[in-house]
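Protein chains in written order, with our numbering: chain G, 1313 to 1606; chain D, 20 to 333; chain Y, 545 to 1046.
Derived from the structure by calculation, the hints contain no laboratory data. Any given hint might turn out to be false.
[Unchecked claim] No more than 20 Å apart at the CA atoms, straight line, and that leaves these computed lysine to any residue pairs for SDA-like:
(1) D:Lys238 x D:Val256
(2) D:Lys177 x Y:Val787
(3) D:Lys177 x Y:Ser789
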Amino acid sequence: MSTIADPQTQITDPAPARRGSRFWTKFRANRAALLGGVLVTFFVAVALLAPVLPLVDPTATDWLAVRKPPSPAHPFGTDEIGRDVLSRMGWGAQASLLAGVVSVAIAVLLGVPLGMLAGYLRGWTDAIISRMTEALLAAPFLILAIALAAFLGPSLSNAMIAIGLSAMPIFIRLARAQTLSVMTEDYVESARAIGLRDGALIWRYILPNIIPPILVQSTLTIATAIIAEASLSFLGLGQQPPAPSWGSMLNIAKNFLEQAPWMALYPGIAIFLVVLGFNLLGDGLRDALDPRDH
Amino acid sequence: MLAFLGRRCLIAIPTIILISIFVFGMQKLLPGDPVLAMAGEERDPEVIAYLREKYRLNDPIVVQYLHWIGNALRGDLGISLRTNQPVTELIGEKLPVTLQLAVMALIIAMVIGIPAGVLSAYRKGTWVDWVANTIALSGLSVPNFWLGIMMILLVSVKLGWLPASGYQPLSEDPLQSIKTMLMPAFVLGTAIAATLMRHTRSAMLGVLKSDYVRTARAKGLAEGVVLVKHALRNALVPIVTVTTLLFGELLAGAVLTEQIFTIPGFGKLVVDAVFNRDYAVVQGIVLCTGIAFIAMNILADAAYRVLNPRMTDL
Amino acid sequence: MTLKRHFGFALAFALSTTALQAADLRIGLQEDPDVLDPDQSRTFVGRIVYASLCDKLVDITPDLEIIPQLATGWQWSDDGLELTMTLREDASFHDGTPFDAAAVVANIERSKNLPESRRKSEVKSITGVEAVDDHTVKFTLGAPDATLIAQFADRSGMMLSPTATAAAGTDFGLNPICSGPFKFDERVQQDRIVLSKFDDYWNADAISFDTVTFLPIPDTTVRLANLRSGDLDMLERLAATDVASVSGDDALQMEQAVSLGYQGITVNVANGAGADNPLGQDARIRKALSLAIDRNIINQVVFEGAFAPGNQSFPPTSPWYNTDLPVPERDVDAAKALLAEAGYPDGIDIEIQVANNPVQMQLMQVVQAMASEAGINIELVAKEFATLLRDQSAGDYTASQIGWSGRVDPDGNIHQFVTSGGGINDGGYSNPQVDALLDSARTSTDLATRKANYDAARVILQEDLPLIYLYHVTWIWALDTDLSGFTAYPDGMIRLEGVTKG
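Construct the entire structure; sequences and hints are all you get.
Shown next as structure tokens:
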């Protein structure tokens, strides 16, 4: 999990302009972003359609086909107790994407309000929130997540909570910085001067300016969250068998690297592709939302 | 500058206290009974009761915390429940290992990331830029641990080029030490290289558009000179800052890498300690990394100010 | 000229390091041992290091007969309450302290009285120990204890330098000083433990290595890769799934021995509220579960046939195994019938906790798949080992997949697990008949009587089934073909006497 914001994530021009059409033009012109979109759409489709796709039961075991290399019957081979790797990967997409989306949702829903609060109220609130954020950031992410996952008990939902909490600081920081910069704008000051109430101010001016960078950061954080879920599952702290997840498949596969390399190869590639998809998409969104011309 | 550093350090104090409370709270968060784990297969109730008393696990949590933090201030972080070794000694033993891994990874990352970033900014929009960006994004997207096990499979198991695991102290056999650490450092360095490349590219793009680069070019200076002497030097500010921050990232990233390559460093120590419920070790390490992380942040800010005096306080 | 000289130096250096390496033995361990103090230590892997570091009063043969080591002979009094041991006169500790009766007294007292001692239960029967003369020691027992000699073949019988224990106290493990063939050099946690040859060892001629280095490498693939590349000379606990690949490798050899321990499912029958469910209350359901499992298939699928299927606390190869109750064949129909009889004709849901390491998870997923065919739907609850242990001892579980590393004396594999109030009786099983039989087996020195007692207890336990045994691990060592003279022992230890390289 990166604790460092990607370059240019903080979009500088906070004027509430109508970006819609320009955004689409720019986004469509960006072939890399389109590729990212295609990758993400593909995996989301696989995850959603896993129940209806012509996949065999991902938990069906076959004692006579233990660790068999790829064949027409099992295009990606079978695993350590004779389950179909392709089918487990299809179903595993659910776990990975869910982990990415839910944990980022947790981070955003907790982090953004806290960050806005800190930036809007400043003073003591800001000091307390900022110190807490720093303390959270100072604990190595994985250690934090491991400890949390161990505390909550190994399961997919607990891994998501752990990842969400560890990803929260970056959203606090982003929302705070963005709020601070919007607050110095002339139109905000004049709105204040004419007596606009706090709620309305936040709703009308601050939130719309925060959403684009949060959106970009969310997309990029989903990518890291998916890797984080895989890492936790790899350590045995994520999705629990027999339910499949790419990370837990890799956890098992590392014991059979020599005998059954396909068990490690395909889930790894899947993680790579979906994370790449989110990263490309995030980059594309950022470029498209960036008011500066490229 | 001094005033700035002083202020930053002062602000860091509450953060460190927060970290220490958080770190200590983890003990109560972690399920499983450390004493039960320590009692061994036989689990003699008499021994369990004695150990609970000895490690003050029956005291109220606040008393335990004050006792721990009091000792910590005197440089005593307790002993490992697993091996009876003092935690400070363990940290001293493991720090050079992880540091070596992190430094080697950082060197690899810089050697790859900075030139790639410069080149792709310079050739913006061309296939060079595109290839460099794709590789960088791939580096960010590949799960480290998977890359690690795949490299063990290929480089060690299939080809037998590099040792699959282990650690050789630099002082004993430098060549072997670097050889053993090469693969883990590469694995750890890839993601960092990608981040560094993207930051370098972005910083260079800004600088290349600036007036003094245009002036330098107008003066008829060779492109290479312009690129390195004028552009890169000015782009260095954000690059140095990011690199300092990345170093903290490296320490955290070492956790999984050390686990996969069986490197006896900080990361492996702490993960094993979490699983063994070796509280004193977990607390000591997280506290130390936390402080180190904050120190890195202060250093990064200081570097930023030194390199960029126009910077004002936010 | 200088270049040539440098080259010469390098060559000489290279030669000298190869000469050095030839006398170093590098052993890959699956885990990092815990504290290196036999009185405080608690891991199996630690005992592997002790086998080179610390001599014991007695040792075992591969057939589990007790043989002299530091004790040269022993004599029981007729009432079984006094044990007199004569001691070796040519042994000393690594720090020069002579080994004598006073040292034995100090050691036994430490095992009994050190508050941190994990050996207390093993030497509980000893009420007094005294030095009769310099090399004779007499133990007085509160009650006859047939298991005591076997305890002396393990950590309770390891002799530590009394000088060192007096000086270091509980910190002894940071610099352990014993009387074994190798002495402690250095330890880097999670990296290596280095021992060097003890020149004054009484059997030094049988030792052909100057140093032995233990390297903990948890990942089985990586451990094997290190053996293949020559970074290790041997490793312990080769993964069963790697057996085929090692057999096909001309540069490697393998040694195996069925372990003394077992793996199985402990059912909570009366340990708190967790026992309040059909599985804990009705032995028929436990039997159905046992019948639904094909132990041979488990062995084939999970362990490539390398381990030993089992259904008792001792492996089928053990002289203590009750041959009247062989490993049952899988019988799904019988399992379904038992379920129906118990009132669950449509199947039943049960929960089993398992440590979340890949092998145990794989095992339980196979069990899960097999049981579901008999209508038993297992929900696996994966826990970290520390949590699993806590919940098990607190009675906060229905059933738990757990094992035991095994002891030389049969008592160690059964008594504390199934007798009322037994130290590790996490299932809360209690049956006065079983208590009586196992207590009596513990005190009798007559082997036939003991065997009859264990057999009788087994018949009852097989009906009540508080523990469903599944298999016995086979210790598998992989060695470079350079090594010769290694003997596999069922206790899983690595004894280096007579082992040579090259």
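_Could you work out which of the previously given hints the structure breaks and list their numbers from low to high?_
1
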